[in-house]
Amino acid sequence: MSTVKEELTIEAQRVDAEIYNGDALCRKKSMDLLREISLPLGLLPLEDIEEVGLNRSTGFVWLRQKKRKDHLFRKIGRWTSYGKEVTAVVENRRMRKITGVKVKELLIWVSLSDIYIDDPASEKVTFRAPTGLSRCFPATAFDVDEAELKKIVEAAEKEEATAVA
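Residues 966 to 1130 (this note's numbering) make up the sequence shown, in order.
Mixed in with the good hints there might be a few duds.
Distance condition first, Cα-Cα at most 25 Å in a straight line; then the derived DSS-like pairs of lysine-lysine [claimed, not checked]:
#1 1116 / 1032
#2 1089 / 1062
#3 1067 / 1034
#4 1034 / 1062
#5 1116 / 1049
#6 1040 / 1067
Cβ pair distances, simulated, as ranges [what the hints assert, rightly or not]:
#7 1083 / 1031: 33 to 39 Å
#8 1102 / 1000: 17 to 23 Å
#9 1098 / 983: 20 to 26 Å
#10 1084 / 1046: 23 to 29 Å
#11 997 / 1085: 16 to 22 Å
#12 979 / 1039: 32 to 38 Å
#13 1022 / 1100: 18 to 24 Å
Note that these hints are calculated values from the structure, not bench results. From the three backbone atoms N, C-alpha and C, an ideal C-beta is built for every residue, glycine too.
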């Protein structure tokens, strides 16, 4: 269940936002956004996405999915939990003021506040919690393979064609 604060923030941002609906199109748009801000395409492996919104003037983005998703990033052996609503403010190589994303650190789930790449040459993605705790991992751990990417693009094109018809 989303908090009133999150709901008001999303509602306030809707006015000038690009809003997309439908799982396939939303998955493609979330990857397009990650590509646009130079972050790895696999950072948001959400499923059953109902809505993606982006207010370009403020950088505020939101993703709504049907239910929470827990995902194991196999290359680094880390679990990440994505709530029904994920929000962030995006800019080049950075997502900040993140809500709805937690990582498992030892035995507890820790909320994330920032995901960023400080030095593109290092090819390291930093994940920071509101407490200041941070971890760096290779960007390649969050890559999407070409076959999966092609599947997502084709499904989005099919979904768009059906919506227009």
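These are the hints, each one checked on the structure:
1. 1116 / 1032: holds, 22 Å
2. 1089 / 1062: holds, 20 Å
3. 1067 / 1034: holds, 11 Å
4. 1034 / 1062: holds, 20 Å
5. 1116 / 1049: Distance of about 23 Å is within 25 Å: holds.
6. 1040 / 1067: holds, 18 Å
7. 1083 / 1031: 33 to 39 Å: holds, 34 Å
8. 1102 / 1000: 17 to 23 Å: Hint holds: Cβ distance 19 Å, inside 17 to 23 Å.
9. 1098 / 983: 20 to 26 Å: violated, 33 Å
10. 1084 / 1046: 23 to 29 Å: At 28 Å between Cβs, range holds.
11. 997 / 1085: 16 to 22 Å: Since residue 997 and residue 1085 have Cβ atoms about 19 Å apart, the given range 16 to 22 Å holds.
12. 979 / 1039: 32 to 38 Å: With a Cβ separation near 36 Å, residue 979 and residue 1039 satisfy 32 to 38 Å, so the hint holds.
13. 1022 / 1100: 18 to 24 Å: violated, 32 Å
When held up to the earlier numbered hints, the structure conflicts with 9 and 13 and fits the remainder.
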